[in-house]
Amino acid sequence: MPELRAMCLGDLSKVLKIIHTHDEDDAEAAESDYQEEGFENQFVLEVDDKVIGVTGYTEVPATDATCWLSWTYLDKTFRGQGLGKGMVKDLLDKLHSRNCRKLFVKVSDYEDPEDGKIYQTAYKMYESLGFKEEVVSLDFYDEGENQHILGLSLSDFFHYDAEEEIEIIDEKPVIRFDGLHEIAETEGAYTFTWIVKDSKKLFGKRNFTVLDLKIGLESVKNNGGRKIFLTFPSNLPLIHDPLQKAGFKYVGCLADYYEQGVDEFHFTHDLTNI
Amino acid sequence: MLPIGDDNPQINKPITTYTIIGLNALAWFFLQGMGSGEQLSASVCQYGLIPADLFSSSLWNSDSHVCRAGSGFGWAGVISSMFMHGSWAHILGNMLFLWVFGDNVEDSMGSMRFAIFYLLSGLCASAAQIISGPDSYLPMVGASGAIGGVMGAYIVLYPRVKVHLLVFIMIFKVPAIAMLGYWIVLQVVGGISSMSSTGGGVAFWAHVGGFVGGAILVLILKDDELLVKHPHHGWHAYKDPADIWNDPPNRQ
Numbered sequence: 044m045p046e047l048r049a050m051c052l053g054d055l056s057k058v059l060k061i062i063h064t065h066d067e068d069d070a071e072a073a074e075s076d077y078q079e080e081g082f083e084n085q086f087v088l089e090v091d092d093k094v095i096g097v098t099g100y101t102e103v104p105a106t107d108a109t110c111w112l113s114w115t116y117l118d119k120t121f122r123g124q125g126l127g128k129g130m131v132k133d134l135l136d137k138l139h140s141r142n143c144r145k146l147f148v149k150v151s152d153y154e155d156p157e158d159g160k161i162y163q164t165a166y167k168m169y170e171s172l173g174f175k176e177e178v179v180s181l182d183f184y185d186e187g188e189n190q191h192i193l194g195l196s197l198s199d200f201f202h203y204d205a206e207e208e209i210e211i212i213d214e215k216p217v218i219r220f221d222g223l224h225e226i227a228e229t230e231g232a233y234t235f236t237w238i239v240k241d242s243k244k245l246f247g248k249r250n251f252t253v254l255d256l257k258i259g260l261e262s263v264k265n266n267g268g269r270k271i272f273l274t275f276p277s278n279l280p281l282i283h284d285p286l287q288k289a290g291f292k293y294v295g296c297l298a299d300y301y302e303q304g305v306d307e308f309h310f311t312h313d314l315t316n317i
Numbered sequence: 106m107l108p109i110g111d112d113n114p115q116i117n118k119p120i121t122t123y124t125i126i127g128l129n130a131l132a133w134f135f136l137q138g139m140g141s142g143e144q145l146s147a148s149v150c151q152y153g154l155i156p157a158d159l160f161s162s163s164l165w166n167s168d169s170h171v172c173r174a175g176s177g178f179g180w181a182g183v184i185s186s187m188f189m190h191g192s193w194a195h196i197l198g199n200m201l202f203l204w205v206f207g208d209n210v211e212d213s214m215g216s217m218r219f220a221i222f223y224l225l226s227g228l229c230a231s232a233a234q235i236i237s238g239p240d241s242y243l244p245m246v247g248a249s250g251a252i253g254g255v256m257g258a259y260i261v262l263y264p265r266v267k268v269h270l271l272v273f274i275m276i277f278k279v280p281a282i283a284m285l286g287y288w289i290v291l292q293v294v295g296g297i298s299s300m301s302s303t304g305g306g307v308a309f310w311a312h313v314g315g316f317v318g319g320a321i322l323v324l325i326l327k328d329d330e331l332l333v334k335h336p337h338h339g340w341h342a343y344k345d346p347a348d349i350w351n352d353p354p355n356r357q
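From first to last, the protein sequence lines are chains A and B.
Residues in the first sequence are numbered from 44 upward in steps of one, following my numbering.
Residues in the second sequence are numbered from 106 upward in steps of one, following my numbering.
Since the hints were derived computationally from the structure, they do not count as laboratory data.
Mixed in with the good hints, there may be bad ones.
Claimed, not checked - Derived lysine to aspartate or glutamate pairs resembling EDC-like cross-links, with alpha carbons at most 16 Å apart:
| id | chain 1 | residue 1 | chain 2 | residue 2 |
| --- | --- | --- | --- | --- |
| 1 | A | K240 | B | D329 |
| 2 | A | K175 | A | E214 |
| 3 | A | K292 | B | D329 |
| 4 | A | K149 | A | D69 |
| 5 | A | K215 | B | E143 |
Since this is a predicted model, take the numbers as computed values, not measurements.
Throw the hints in and build the complete structure from the sequences for me.
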């Protein structure tokens, strides 16, 4: 009887082995994730005392109960029996009991020269559970390897009414960029980190401008970057003018990401004309 | 050339604007006797702002001036003069300007802040008029300095909004920046040409002082949260973000 239980340190080597059989890079990235974040909200699937799968979630800070699916892999020898789907369903039960509102998952469309589209099965499994594709970031992981982000409202999955939509008020915080870094698991995809400064009415800090964006774009180009991906909440009207003028393109949005009614807008720039 | 309206929607009830208009009307009816001869001149001397009363060290020959020495309200006249007027045309004209422009400026900062803004604009106006003639014996009355501040704020907040102007029997719609820009140029020109005269008339420098004061004060007192959804705020009428990005050239 398969059982989903909390992951502990003793499971780590088995889990990494399972991930390694699918994707060596992911195994490496997962190892550092577990070392940094620990095993909170991480689970393993056990059949007859044997660990055959791993899944889990991370809560997104500063959101209303939004979660990302963590490393989710099933031992290759147990595929095709519905165990992977069952494992994610069990996880959804846990998320439901913990009042998670929306769950997102990132899936690559990497095509291995030998094994083909290694994530296609997983993608189809998520779709069969009701996940819907919300954003596709082209060339995200590398040239030709895109990132698909799928989202699932737990209210849809468990058939209850979502919270009533409240009126969302646009906000005009003073946003400034304070750094740039290469996005983990990617080759040359960068993002800017940003902070909200106190607004000073008289000689105040102003929101970032097209010039600030250009400084960042040039730095990424000088660092050998390939693309930039930025995300912002959907209720910030002041971001659009400078982003548009700096040549950013709109990728799409993760619906209700921050809270019901506040999406996460995704933007990208491929560094042309920089 | 009278402004009779604008294409600027009022979002909240302009409580302070209505209150100020009410106070001016009450003062006109009860303190100034609706402009009747003696009560009018007595109220102007009593509640008007007389710079010489505050700053002049020279002797005041009461016989040769409109008001007797010491008849004024002293420093309190800075405030009380903002609610006094010299004629029906004076008060009606001022209240019309306040009615047209006050509500939208109040919308930008809320009623409490607008009350402070209005009084501070009036102080700027008084200061400018006093600086232009600290020895003047002429009493200054009228809300127009403070209303000049409201107009200064309006030009900063809503430069492109169309103001409806009644010119003879025709109504023209002109951008606020053109109408108010023209108005302030007239005041500066009037102020410069009045510098050589000693007689009474329009307190041009009070208008200029109020206007400049209001244009600066609004930058401090406006509340961006209140303005964020205002369709005519500033030069940029932001399209709905989704609209911008749904244009094909802006899509990935």
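- Message: Tell me if the straight-line CA distance from A/K215 to B/E143 falls inside 16 Å.
- Response: violated (55 Å)
- Message: Against the 16 Å threshold, does the CA-CA distance of A/K240 and B/D329 hold or violate the hint?
- Response: holds (15 Å)
- Taken at face value, is the distance from the CA of B/D329 to the CA of A/K292 at most 16 Å? violated (27 Å)
- Query: Taking only the CA atoms, is the gap from A/K175 to A/E214 under or equal to 16 Å?
  - Reply: violated (28 Å)
- Query: Between A/K149 and A/D69, is the straight-line Cα distance small enough, at 16 Å or below?
  - Reply: holds (13 Å)
Comparing the model with each numbered hint stated earlier shows that hints 2, 3 and 5 do not hold.
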